[in-house]
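Engineer: Sequence:
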Amino acid sequence: QPLSGSEQAGILRGGQGSWDTRTVLSSIRRDAHGRLVLGSLGNAGNYPLWFIRQWADRIQQHYFPQLGRVEWQSTWTGRIGFTPDHLLRLFEPAPGLLAATGFNGRGVPTGTLVGKCFADYLLSNDATALPVSFSSSKKVSANGLRTLAYDAGFTLYHAGQCLRVVL
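Residue numbers (the UniProt record's numbering): 1 to 167.
Mixed in with the good hints, there may be bad ones.
[What the hints assert, rightly or not] Restraint-style ranges between C-beta atoms, simulated for each label pair:
#1 R164 with E92: 46 to 54 Å
#2 T128 with G68: 17 to 25 Å
#3 Q73 with T128: 40 to 48 Å
#4 T155 with D31: 24 to 32 Å
#5 D126 with V166: 44 to 52 Å
For the record, the hints were derived by calculation from the structure and aren't laboratory data. All C-beta atoms in this analysis are idealised placements derived from N, C-alpha and C, irrespective of residue type, glycine included.
Build out the structure end to end from the sequences listed, making use of the hints.
Structural biologist: In structure tokens form, the structure reads like this:
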């Protein structure tokens with residue numbers, strides 16, 4: 001549910017989003033309707049709903065205990081693009097066709113910036129408008145095994161958060 005005006009005034013006052021610096025990060029922001037939005041790494045489709053809600057309650061209470069209990073309305077999941085060195089990659093497979101990968105769990109803020117930079121590049125054809133140079137495409141070895149390992153690690157970490165072993 002949307003937060004009340006006084007609740008909104010007490011958190012993220014500038015409307016900014018934030019994330020912590022843990023390896024398995026948690027992100028937090030408000031949407032246009034004043035709802036609290038939490039994010040993290042891992043495939044929410046692999047978790048039961050009670051697990052997701054317990055995790056969300058734990059993170060929300062850590063950062064904003066003054067809010068009391070928040071009523072979560074929905075969950076969603078996506079696929080995170082990791083690169084072996086955790087660095088963003090930009091590609092131009094054909095003139096005017098641009099792609100980005102490897103947001104490494106920080107797609108909302110980084111993707112917003114890259115989208116603007118792509119627009120500036122397309123309008124000016126000036127590659128200095130881009131945050132990094134274009135890369136050549138390379139296959140990532142053992143991708144399926146990497147996915148399983150990441151998912152297992154994220155699940156264990158989130159379980160530890162729910163059990164209050166780690167935050």
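Engineer: Determine for every hint whether it applies to the structure shown.
Structural biologist: Quick rundown of the hints versus the structure:
A hinted range of 46 to 54 Å for the beta carbons of R164 and E92 is consistent with their spacing of about 47 Å. The hinted window of 17 to 25 Å between T128 and G68 is violated, with their beta carbons roughly 49 Å apart. In this structure the supplied range 40 to 48 Å holds for Q73 paired with T128, their Cβ-Cβ distance being about 42 Å. Remark: the range hint 24 to 32 Å for T155 to D31 is upheld by a beta-carbon distance near 26 Å.
Taking the beta carbon of each, D126 and V166 are about 45 Å apart, inside 44 to 52 Å as hinted.
Violated hint: 2 only; the structure is consistent with all others.
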